Amino acid sequence: MSQRRKQEKMQLAMRLLLTTELQIKHISNQVGYDSPSKFTATFKKKYGKLPSAYRPDSPAS
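In the numbering used here, each number is its position in the sequence shown, counted from 1, plus 81.
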């Protein structure tokens, strides 16, 4: 996967996390990851936090 495509997927995932109530496993699937754990690892590497930390009601946000 190209860097540009991966960046676009992570940006879409961020938008979905902030604007929907979709479960993280569904977001990971929607942006093209078969494994939620691989998605979570990639997301954390890019943004420095787990996807759950970006939920508006998350105590870690």
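In short, the hints are calculated from the structure, not lab data. A quick note: this is a predicted structure, and the numbers were derived from the prediction, not measured. All C-beta atoms, glycine included, are put in the ideal place defined by N, C-alpha and C. Please note that the accuracy of each hint is not assured.
[Unchecked claim] Within a straight-line C-alpha distance of at most 27 Å, the following computed DSS-like cross-link-like pairs (lysine-lysine) qualify:
(1) 106 - 126
(2) 106 - 127
(3) 87 - 125
(4) 87 - 106
(5) 106 - 90
(6) 106 - 130
(7) 119 - 87
(8) 90 - 126
(9) 127 - 87
(10) 125 - 106
(11) 87 - 130
(12) 119 - 106
(13) 119 - 90
(14) 130 - 119
(15) 127 - 90
(16) 126 - 87
(17) 125 - 90
(18) 90 - 130
[Claimed, not checked] Simulated DEER-style distance windows between Cβ atoms:
(19) 138 - 85: 27 to 33 Å
(20) 116 - 83: 17 to 23 Å
(21) 116 - 136: 30 to 36 Å
(22) 118 - 83: 32 to 38 Å
Against the structure, the hints:
no., hint, in the structure
1, 106 - 126, "17 Å, holds"
2, 106 - 127, "18 Å, holds"
3, 87 - 125, "13 Å, holds"
4, 87 - 106, "17 Å, holds"
5, 106 - 90, "14 Å, holds"
6, 106 - 130, "16 Å, holds"
7, 119 - 87, "12 Å, holds"
8, 90 - 126, "14 Å, holds"
9, 127 - 87, "10 Å, holds"
10, 125 - 106, "15 Å, holds"
11, 87 - 130, "17 Å, holds"
12, 119 - 106, "11 Å, holds"
13, 119 - 90, "13 Å, holds"
14, 130 - 119, "14 Å, holds"
15, 127 - 90, "11 Å, holds"
16, 126 - 87, "12 Å, holds"
17, 125 - 90, "13 Å, holds"
18, 90 - 130, "16 Å, holds"
19, 138 - 85: 27 to 33 Å, "32 Å, holds"
20, 116 - 83: 17 to 23 Å, "19 Å, holds"
21, 116 - 136: 30 to 36 Å, "20 Å, violated"
22, 118 - 83: 32 to 38 Å, "22 Å, violated"
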